[in-house]
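A.B. asks: Generate coordinates for the entire structure from the input sequences, incorporating the hints supplied.
Residue numbers (this note's numbering), protein chains in the order written: chain A, 6 to 570; chain B, 16 to 495; chain C, 336 to 677; chain D, 873 to 1191.
Just so you know, these hints were derived from the structure itself, not from any lab.
Just so it is clear, CB atoms sit at the ideal spot from N, CA and C, and this is done for glycine as well.
One or more of the hints may lead you astray.
To be verified - Computed beta-carbon distance windows for the label pairs:
| # | chain 1 | residue 1 | chain 2 | residue 2 | range |
| --- | --- | --- | --- | --- | --- |
| 1 | D | Leu941 | A | Gly103 | 19 to 29 angstroms |
| 2 | A | Glu491 | D | Thr930 | 30 to 40 angstroms |
| 3 | C | Asp533 | A | Glu370 | 29 to 39 angstroms |
| 4 | C | Thr534 | A | Glu422 | 20 to 30 angstroms |
| 5 | D | Leu941 | C | Pro378 | 53 to 63 angstroms |
| 6 | D | Arg1029 | C | Thr405 | 38 to 48 angstroms |
| 7 | D | Gln942 | A | Gly14 | 46 to 56 angstroms |
| 8 | C | Gly498 | B | Asp266 | 52 to 62 angstroms |
| 9 | B | Ala417 | C | Gly498 | 42 to 52 angstroms |
| 10 | C | Asp533 | B | Ser379 | 13 to 23 angstroms |
Stated by the list, open to error - Sample of chain A residues lacking proximity to chain D, with all beta carbon distances greater than 12 angstroms (derived):
| # | residue |
| --- | --- |
| 11 | Ala182 |
| 12 | Ser254 |
| 13 | Leu503 |
| 14 | Leu523 |
To be verified - Now the stretches of chain A that chain C is said to cover, found in silico as 3 or more residues with beta-carbon under 8 angstroms:
| # | stretch |
| --- | --- |
| 15 | 14-23 |
| 16 | 127-133 |
| 17 | 159-167 |
| 18 | 239-252 |
What follows is the residue order along each chain.
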Amino acid sequence: AQPLPIAAGEEVLVERDGSGHYGRRLVVALRAEPRTFNPAIAADAPSREVIGRMTGDLIHINRSTQLTEAALARGWTRSTDGREYTLTLRKGIRFSDGQPFDADDVVFTFRAMLDERTGAPQRDLLIVGGQPVRVTKVDAHTVRVALAQPYAAAERLFDSIAILPEHLLAGAYARGALAEAWPLTTSAGAIAGLGPYRLKEYTAGQRLVLERNPFYWKADAAKRRLPYMDEIVFLFAGTEDAQIIRFQSGESDILNRASADNFTALARNGSARHRLEDLGPGLEYNFLVFNQNDLSGKGLPQIESRQRWFGDLGFRRAVSRAVDRESIARLVYRGRAVPLWGNVSPGNRRWVNASIARPARSVSEARAILKTSGFSWRPDGALLDQQGQRVAFTIVTSSSNTQRTEMATLVQADLKELGMDVQVVPLEFRALVDRVFQTFDYDASILGLGGGDADPNSEMSVWLSTGSNHLWRLGQKTPATAWEAEVDRLMAQQLVTLDSRERKRLFDRVQELVAEQLPFIFLAAPHILVGARPDLGNFQPSVLDHYTLWNVDRLFIQPDGSQRR
Amino acid sequence: TLALALMGLLPPAAELRGSIQFQGRELTGLTDRDLQTVRGAELGIVFQESSLALNPLLRAGVQIAEVVRAHERCDRGAALERARAAMAEVGLGENLPRIFDAYPHELSGGERQRVLIAQAIVCRPRLVIADEPVASLDADVRADVLGLIRTLNEQLGISFLLITHSADVLATTATRVIKMTAGRIDDRPEVPTRTTTRVRRTSPRVEGGERGTGTGEPLVELRGLRRTYTHRRMFSGRRHEVEALRGVDMDIERGSTLGLTGRSGCGKSTLARCMAGLEPADAGHIRINGTDIAALRGRALLPYRNQLQVIFQDSAAALNPRFTAGQIVIEPLVIQGIGTAADRRHRAAELMALVELPSDRLESRPEEFSGGERQRLAIARALAVDPAVLIFDESFSGLDQATRSRILGVLMHLQAARGLTFVCISHDLALLAEFASEVALMREGRIVERGVPDEVLYRAYAGHRGDTLSPDLAPIGATA
Amino acid sequence: MTRGRARALVVVLAALHLLVLLAGFVAPYDPVDQARALPFAPPVRLHVIDADGRFHPRPFVYALVPDPATADGYMEDRSRRFPVQMMVRGARYSVLPGLESNLHLVGVETPGRLFLLGTDGFGRDLLSRLLHGGRVSVGAGLLATLSALLIGMVLGTVAGFSGGRIDGGVMWAANLFMAVPWLYLLFAARAALPLHIDTRATFLLLVTVLGVVGWARPARLIRGVVLSARERTYVLAARGFGANPLYLLRRHLLPHTFGVALTQAGLLVPQYILAEVTLSFLGLGVGEPTPSWGTMLGSLQQYDVLTSYWWMFAPAVALVVTAVTYHAVTSAVHGRIRLVTT
Amino acid sequence: MRVVFRYVARSLITLASVSVFSFLLLELAPGDFFTDLRAETRVGPETVEALRNQYGLTRSPLARYWQWLQSFVSGDLGFSLAHRAPVASVLWVRAGNTLLLTVPALLVTWALALPLGIWAARRRGRWPDRLCGGATSTLLALPDLLVALLLLLLALRTGLFPTGGMLSPGAEDMSVTARVRDFAAHAFLPLCALVVTTLPAVFRHVRASMIEAAGAPAVQAARGLGIRPSRLTLRFVLPLAANPLVSLAGLSIATLLSASLLIEVVMSWPGLGPLLVEALLAKDVHVVLSASMLATGLLVLGNLAADLTLVGIDPRIRA
Ligand SMILES: Nc1ncnc2c1ncn2[C@@H]1O[C@H](COP(=O)(O)OP(=O)(O)OP(=O)(O)O)[C@@H](O)[C@H]1O
Ligand SMILES: Nc1ncnc2c1ncn2[C@@H]1O[C@H](COP(=O)(O)OP(=O)(O)OP(=O)(O)O)[C@@H](O)[C@H]1O
Ligand SMILES: [Mg+2]
Ligand SMILES: [Mg+2]
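C.D. replies: Encoded structure:
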């Protein structure tokens, strides 16, 4: 489909900079096949990756600046109490099937997303202060969004909430079957969105072809309608190794997040043919967590007896001092990671508290700490606790995540120097989640968090003591410790504080508390490593998801570069 | 072994010295490839043990046709036609379609042997080596086959090397007899004089044995025994039914020796297997000591099984190739848990001696024995336990007269001492006449005659073509 | 099989097992010791001529230092030689339960390192891991094969021999065992078992799991053979002597299946050594840091390792050697027991 | 007729029991499809619970089994939670693609292994035999995944073959012949990987049983009648050796849908592999159950074929 000329009265978004050439197709190898085209229910990465290219959101977070910017909403205003937002929608723009977009679609989208029957993973985000956001139509191109309480940076909520076409989905929704709408077998004509691309063809198991949305609502600086490329072809490459090999062979054009191992190997094996970029640390942070859950009534006496250590700050501090973070970064991530002492990765430039202490590894320090906590050593070097019990525990990791298992292996060797007998047990992901979240039948685990937004709000569930991801002690009614109560207060306060400098101060304090109390022993934040064919224009990978394709509407292939391959 | 060496079929481990010349060609040095052209086409062979020599997975007709196709350029149909003709020649004409389609295990011993002969002669080789070709054939068929040999010999000039223990055969067919002892050719009389053969025929008497005479009480009673085989063919859907037993009524007295004879394929072996409970009868009763065992199953059958022992017609197939001779003969003891290991070893040596096998062969495996030796192994095995009834299915046909009579003597002693009952299935009427106290004649699945040996046998001849066994037949034909 | 070859076979086999058994002594290092400064170091070069061109009768090595020219390469530090010594003291290991030693066959002084086969990503000596890993792998592989075959042979022969309902039942079970998604049994087992499983228990677990899951295939093959074998005349004859089924199975039918069973054995040993990777993935295998060939091969199956570090193929080579030897053994044994069977 | 009926009944029992057992195993394993949503920072436990409720995961096991069974029998083959769609809609296409790969692979494997095994058996102990023995040992010692990866790397280095997929992007515009060629180029590597990984077992069995059968007296006898070695091997020895091979072939049929799973994943073949591996790990119960059913169906078929053939070639076996 050729891009349609921009009609009069069509309020397209005109990009300020950058230009490109039309034509060609971009081949992207996904790790796995998407499971659905339905934006309301997509929870897996491949589906979201694809759907993200076919849909648009009201307000968008610019992945490169990490700031919000206008998208389908031309502009917005916030009421003085911070509880109401008024969004002005673009006029004259159309869904990819040519149907006009207006406030009804927005209202429909939010209603559908918030409906329990839909089971949208974004639903919980849209519940502010215990109540769902209320979206009402003011006129055809204005909507009002009401929140139960003031919410800092509420506009960030709108990012990635795909606006659904009411004309196509209202029927399914009315039947209560929105969750089953748009399965992979849907024909191209029955799907429409506001993204730069629309579905052209899907061949089960083989490939997914998106074609240009001729109605897309963005234009480049020269007022030419975006996107530049005719098509995006998604291939499904099963494993990361296969992804790498296909990229290396030139069968795919973009490498979206490679592991450090593969990135290094790729760099060694033929970097000339590819453009490889190390974007520095991302938002993800990996940590070792000890099980401090309330185990009464769980029937786990052994773990309960070990919780004496896990609850002991001295023990955790000793572990933290004994862990060789530098080796983790160097051996596990081939130097493409930063050692971490706090809960915010340096990749999150706006929010990281740079003053958090970074004590170097010291086994003797660690031993001293243990000694003051009442631990002692047997002649053969084994560590004994106050009651003479041998300190021995297991670390569970996800077996599908090689890096975390490798970290566990290093941590195990480190702790052996303290006389701790640690066993690493890799578990299949579901079993791991079951243990960590449900049965609490584990001693310690190495996990990672923080792939989403840079804003602290996205981590509420981790730090609030009632949060669903308050991993070390889940399901608390009231905070178990004073410092957790303090964190609760700080987090709640930053949520309603609209001044960003003040929020930063509050969150800095949270970071300090966490670094002192060590509910998590932070280990490392890996770099974001991406690659692309060298002649890909406007390639601006970012450390935020989606790393390489976030500006897919402006990507293009240099015409002269095409002869080179 | 001599025959095998001639064909170049000895296992590689065997050392072969000397030379074999055939039509001026040295055969010992030839490779397999060269030999192939010789084998079958110029040199035919009839193996001693039909159960081993036939491929169990190929139908009889096909096996013959394969030989044709190996040596002559002809298509499948023509080859099968030739096979059919050859089978008719060896007297399988009556049931040709069935036997042609039958797998070897579905054939009677005699039928199998004739298939082998057909294989050997179908390509009209110059020389046929026939190792006991007629051992399990009844008088009629034997005459037919020998007649065929003579005809082939006369009309086509095919030479035959007959290996046999039967003086009759030699007398009627051979032109020259060679006797071998201990691996050496003893004497080579140019022409087998009738006297030598006569001497052979008459001289060996059963040594010192008395025929068992029954005590009068019936030990085994058979009533209306029936057994029908169905040959089902998976893929062609052709079906043949064979009524092997069509209602056999028979009593066997304790302590007697019953001879059982009848044409090849008339159901003798089947009867033996049924009696021993190794094959279920379709209908009828088998009573042993008054208990009907046809109704019994499984464990309850065990005690009766032991009382009736069959020595199978195909001794070679009845011996597990993985066992040593020693293991074979004491197998029944092991099975029934009799004696200690030392006892058994001792008994094994005894049994071997009983059947005149040297005790240093205890460690040999069946394949290392000659046909006759294997038969003796099977007899020894059956004697290991003391069964009430022993059924010998053509067990003496592969033995030379001397050995045979000595073994028969031993058996008769045993019978006298322990009151054993024997059933002896044989085509050798002379043998039966000497050994059996009573003879039954079977025809087409029924017992048709029964009585004192001489009488029955006489009538048996009379009922058939009486001329075939005329002792006056002149020996014709030449052997290499 | 000639005599010489048979002898060579025995020697290779014995050497293989001896090496693995004496892993602690032969291996220069503790298999879990991490030389963190030397991840993915290539096999050390043995020299007899030093940087100045002088000849030394005793081979020596140089210490490795990172090569500044490449991102993760190494170069030799020629300033100091480390002669290879025999019978040196080093890491402690247990010869037998309760008996410890620290004597090693070869070694060099620190900071020199005698990484004869290079190191893995943690800087652990690959040779030491290979030798120690062989204990678990070869042991478990053999035992698991034995148990799978044993179960398979027993059930297969019983099924083929008895026919009818028993046959139906056994084959039903075999189908079940082949069709059911075992992965979930492993998930379930992992959930049911305690997290901490010591090495010996793991070993038993490996053997049991593989044996229990693996019997169906050999059972089917063997059943087919028995189906045919039970109709042989000599079986009939033995039956005539009143042999009970057990005797027939043991003496007449089982030996008949040896050929197939041996062939299966030759196939299963390497397969089961490899299967340990899957089990490790689910936390049921040997697990880090204890070495096993399975997990070592597991790490070889990664793009970066495969393309960058050739010495990581060592476990594959070890397994190939083992597989070839065992194949030769099974085929020699087969040759021995092979007799006329049909 | 009665035999057929009995066989069908037996197969149905097998299928039913496999489904029950598989279901039980799935029950035993911890967690369910929605468990891993718990690890998402943005999703609360209530939402997860609501989803569980909505899709009936909180109902009794019996009710859930019944739910699957109904759907299976109706032809939908169950409901995939991952795809939020009937299993049939995702399963059949991929099963077809898998067969497109495994059937030729099976044929090639046997077509290579048979002559190779026969050849090696005839040259027992000589160099061709040893070479084959060594080669198969080597292949056995290499994990399937490694073989697949090595082949991919080979493709990468030589550039002769595409490194994954079934057709090139843009294949829809090609002519029929070009498409076939494109398909062949894509199928070559996975086919090689499959053949290479399944060949050793078949080869070994062929070789071993040929050696065993060649010693049979009937074969010696046939040799005595001057049957040519080639004909002897094919007509006399092979049937004698066929027994374990037939069982093995039956098993090969049984694994038509499962043998290639991992290779498909690594080589991006659009078959059942990627789907099933994901479903297994994601505990998408109905997909797993229905796939097991398909596999069991093949197993039953394969065994039936093997049993019939066994009876067919060996008349001594009583049907
Ligand atoms: N297992 C079997 N299946 C089918 N048919 C059989 C089977 N055994 C024997 N027969 C057939 O039954 C008939 C009787 O066979 P039986 O072996 O009892 O003959 P026989 O009297 O012993 O003959 P011979 O003297 O040749 O040994 C033969 O025609 C044979 O073809
Ligand atoms: N493969 C072998 N290995 C060892 N000994 C053998 C082998 N074949 C035959 N013999 C022995 O060689 C001798 C001669 O055997 P051969 O088969 O030639 O006897 P035969 O004259 O045919 O006897 P019969 O009349 O009993 O068939 C016998 O004592 C036999 O035990
Ligand atoms: Mg008979
Ligand atoms: Mg002989």
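A.B. asks: So, for every hint listed, does it hold in this structure?
C.D. replies: Structure-based check of all given hints:
At roughly 44 angstroms, the beta-carbon separation of leucine 941 of chain D and glycine 103 of chain A lies outside the given 19 to 29 angstroms, and the hint is violated. Between glutamate 491 of chain A and threonine 930 of chain D the beta carbon distance is about 37 angstroms. The supplied range of 30 to 40 angstroms therefore holds. For aspartate 533 of chain C paired with glutamate 370 of chain A, a C-beta distance near 31 angstroms keeps the hint of 29 to 39 angstroms intact. For threonine 534 of chain C and glutamate 422 of chain A, the hinted distance range of 20 to 30 angstroms is satisfied, since their beta carbons lie about 21 angstroms from each other.
Distance hint check: the CB atoms of leucine 941 of chain D and proline 378 of chain C are about 59 angstroms apart, consistent with the given range 53 to 63 angstroms. Separation of arginine 1029 of chain D from threonine 405 of chain C is about 21 angstroms and departs from the stated range, judged on CB atoms against 38 to 48 angstroms. About 54 angstroms separates the C-beta atoms of glutamine 942 of chain D and glycine 14 of chain A, a value consistent with the hinted range of 46 to 56 angstroms. Distance hint for glycine 498 of chain C and aspartate 266 of chain B: a CB-CB separation of about 35 angstroms, inconsistent with the stated range 52 to 62 angstroms.
Evaluation of the 42 to 52 angstroms hint for alanine 417 of chain B and glycine 498 of chain C yields a pass: the beta carbon distance comes to about 46 angstroms. At about 53 angstroms, the CB distance of aspartate 533 of chain C to serine 379 of chain B disagrees with the hint of 13 to 23 angstroms. Not every Cβ of chain D is farther than 12 angstroms from the Cβ of alanine 182 of chain A; the closest lies at roughly 10 angstroms, contradicting the non-interface assignment. Not every CB of chain D lies more than 12 angstroms from the CB of serine 254 of chain A, the least distance being 5 angstroms, so the non-interface label is violated.
No beta-carbon of chain D is positioned within 12 angstroms of the beta-carbon of leucine 503 of chain A; the least distance is around 22 angstroms. Every Cβ of chain D is farther than 12 angstroms from the Cβ of leucine 523 of chain A; the closest lies at roughly 20 angstroms, confirming the non-interface assignment. Coverage of a stretch by a chain is defined here by at least three residues with a beta carbon nearer than 8 angstroms to that chain's beta carbons; for the stretch 14-23 of chain A and chain C the count is 0, and the condition is violated. Proximity of the stretch 127-133 of chain A to chain C, defined as three or more residues with a beta carbon under 8 angstroms from a beta carbon of that chain, is not established by the 0 residues found.
By the rule of at least three residues with a Cβ nearer than 8 angstroms to a Cβ of chain C, the coverage given for the stretch 159-167 of chain A is violated, with 0 such residues. Coverage of the stretch 239-252 of chain A by chain C holds. Counting CB-CB distances below 8 angstroms, 4 residues qualify, and the rule asks for three or more.
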